[in-house]
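Novice: The lines below spell out each chain.
Protein chains: 2
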Amino acid sequence: MTSVEWVAGKIRFIDQTRLPCEEVIEETSDYTEVADAIKKLKIRGAPAIGVAAAFALLLAVEDKRILSAKDLEEELSTAINVLSQTRPTAVNLFTALNRMRRVCQSFSHTDVVTIRLHLIEEARCIQQEDVEACRKIGEHGAALIAPGSSILTHCNTGALATAGEGTAQSIITTAARQNKIVRVFVDETRPLFQGARLTSWELIKHGINVVLITDSTAGYLMQQRRVSAVIVGADRIAANGDTANKVGTYSLAVLAERHAVPFYVAAPTSTIDLGTESGSQIPVEQRNEEEVTHVGGKRIAAEGVKVYAPAFDVTPNQLITAIVTEAGVLKPSFREAIAGLRLQSSQQAVGPT
Amino acid sequence: MTSVEWVAGKIRFIDQTRLPCEEVIEETSDYTEVADAIKKLKIRGAPAIGVAAAFALLLAVEDKRILSAKDLEEELSTAINVLSQTRPTAVNLFTALNRMRRVCQSFSHTDVVTIRLHLIEEARCIQQEDVEACRKIGEHGAALIAPGSSILTHCNTGALATAGEGTAQSIITTAARQNKIVRVFVDETRPLFQGARLTSWELIKHGINVVLITDSTAGYLMQQRRVSAVIVGADRIAANGDTANKVGTYSLAVLAERHAVPFYVAAPTSTIDLGTESGSQIPVEQRNEEEVTHVGGKRIAAEGVKVYAPAFDVTPNQLITAIVTEAGVLKPSFREAIAGLRLQSSQQAVGPT
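Residue numbers (my numbering), protein chains in the order written: chain V, 124 to 476; chain L, 124 to 476.
Source of the hints: derived by calculation from the structure; they are not laboratory data. Everything numeric in this text was worked out from a predicted model, so none of it was measured. It is possible that part of the hints are untrue.
Mimicking DSS-like on lysine-lysine, the simulated pairs with C-alpha atoms at most 30 Å apart in a straight line are [as the list claims (entries may be wrong)]:
hint : chain 1 : residue 1 : chain 2 : residue 2
1    : L       : LYS429    : V       : LYS421
2    : V       : LYS163    : L       : LYS429
3    : L       : LYS303    : V       : LYS429
4    : V       : LYS328    : L       : LYS421
5    : V       : LYS162    : L       : LYS421
6    : V       : LYS328    : V       : LYS259
7    : L       : LYS421    : V       : LYS421
8    : V       : LYS133    : V       : LYS328
9    : V       : LYS162    : V       : LYS193
10   : V       : LYS421    : L       : LYS163
11   : V       : LYS421    : L       : LYS162
12   : V       : LYS429    : L       : LYS421
13   : V       : LYS429    : L       : LYS328
14   : V       : LYS163    : L       : LYS421
15   : L       : LYS429    : V       : LYS303
16   : L       : LYS163    : V       : LYS429
17   : L       : LYS328    : V       : LYS421
18   : V       : LYS328    : L       : LYS429
Please work from the sequences and hints to get the whole structure.
Specialist: Following this line, the structure appears as structure tokens:
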């Protein structure tokens, strides 16, 4: 299963809002529809959003009326603007958009056909790098997992969230192939149930023993010493290792520390944002009230209630045991470890901050 | 609004599973229907369950065919057995059943009419004591709340959960009348959304500023220093102060400690079980998988997933700042404070353990 694909000049993606009950594949040649799909979480997961945005830019510059390099650059710029407004927290989005913009700029002295070819190449490259990053994250991370482990994970970090096998989930599936995993506790992950809907669905396909829990059962499980390690993904990692991820991650990190359970963050280096000094600078997206007050279109909350619905929270680096990237396993001090990666400046985000 | 009432030889209760969308009042003269209502959480909340069980015993002994004190005692015993199988954790259920059994035993030398009269009196007494306990818990607890407070609460501990104004919620409404409450953050409380459905509904009726959050948002709120105090109820408090309450309470207690936020447990002394030495001895009810895999009858989780669904968790006494009872505010060491209450032995539980 592939979350998002570039097929014959169109983008094809699975509508994640309808999983696991319906497997609906959507196809579009309109980049604004991709932007809309990202906003509505039909496409979600930090790395997958980056890949989808890169492909969306290809759609934006395909217009037959674009005749000059300058026209193309303007069209690309408009599309980058639209796409960068979709979701504020995941930095992979901005990383991908910036890479595409730079390629366009580098070839602005050439012609439309040449620029398009290089843009396609760059988008494919972003995709392929993520596939490879997922594979390596799986390998590096699985080495941290002891045989007989029960892993706790949050939200969805699998094939749906990336171009490859996932981030945190790639560690789980890789370790499972090494027969190290006894079971995976999956937080249902309110409000949108990505754990219940997506992670359970993916892990069951992998033949893994999945136990679904409500988010607030995680603490009780750790208290009973039933969790060997917590592994989560990331939407943005600051230069000091502070990590924004799906709301609830911070609570898991606090609970893991209390119970001396290792707490691993798994992400490609494209999720590291050198332009963000620490977690307090990460913009946290607020979601629509109805995601909390309604389930499946049906109201569950009392009328007149207000809602506070941050999509993410920020886990301070002190609570993180290790950050698993394709470049290896980073350990504290994370600021030094991240600086040691010598990430290219192209991976610094220019977001809508 | 009254959660459960004894009206002209019948029991009347509001079906809490249909709130807040529908306010359905059920009425029954069959005690097994009350047992069923407790099992299905139409009636819920530790104190309310105790009151409902006492009233249910009145229904059980109303049968016209009961002619002797011995017949009545047998009928009562059968009903106690049925009711004690409904839910294992809330000790108020067993406390109420035991009190009714003792009254029956005390008057076994008299006649059926006399025993019935004393049973009615005892049931009314259990109800009235709870009303009074709620009032006093509110008073004692409100004294702990500083003006300008933002309170975080979990599950439902209001009029629906008790015979009176509630436990934790009575503190909130009392402090609100004293103009000390700026807002109340209400955990939605998965899986059955008692926070979203019931607590929000009740607090809005009280004119309180309610902000609904998903359960795993609580940690992020505390990290932002937006919570002045956490107040929760209890289903059973062991002799050392360890407290069983709705799953998720333990996580809140850990997070509160980390952020130096006071963590208060509010409960009538009927929730204290001297027969349970510590939290590890409290039986924790496991709920049906479908409460997690389905919402409003609709499946949300992937097919084939297993579920771990404890209804409660246990918070160790070290994480509790104070236990607010009708008899006053208990502070550590809780074992000594609880022993100092000199609770009657009738308040010791004989449960289905």
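Novice: Each hint should be assessed against the structure and marked as holding or not.
Specialist: The hints, checked one at a time:
no.: 1; hint: L/LYS429 with V/LYS421; result: holds, 25 Å
no.: 2; hint: V/LYS163 with L/LYS429; result: holds, 29 Å
no.: 3; hint: L/LYS303 with V/LYS429; result: holds, 19 Å
no.: 4; hint: V/LYS328 with L/LYS421; result: holds, 22 Å
no.: 5; hint: V/LYS162 with L/LYS421; result: holds, 24 Å
no.: 6; hint: V/LYS328 with V/LYS259; result: holds, 21 Å
no.: 7; hint: L/LYS421 with V/LYS421; result: holds, 10 Å
no.: 8; hint: V/LYS133 with V/LYS328; result: holds, 27 Å
no.: 9; hint: V/LYS162 with V/LYS193; result: holds, 29 Å
no.: 10; hint: V/LYS421 with L/LYS163; result: holds, 21 Å
no.: 11; hint: V/LYS421 with L/LYS162; result: holds, 24 Å
no.: 12; hint: V/LYS429 with L/LYS421; result: holds, 25 Å
no.: 13; hint: V/LYS429 with L/LYS328; result: holds, 14 Å
no.: 14; hint: V/LYS163 with L/LYS421; result: holds, 21 Å
no.: 15; hint: L/LYS429 with V/LYS303; result: holds, 19 Å
no.: 16; hint: L/LYS163 with V/LYS429; result: holds, 29 Å
no.: 17; hint: L/LYS328 with V/LYS421; result: holds, 22 Å
no.: 18; hint: V/LYS328 with L/LYS429; result: holds, 14 Å
Consistency note: the structure conflicts with none of the earlier hints.
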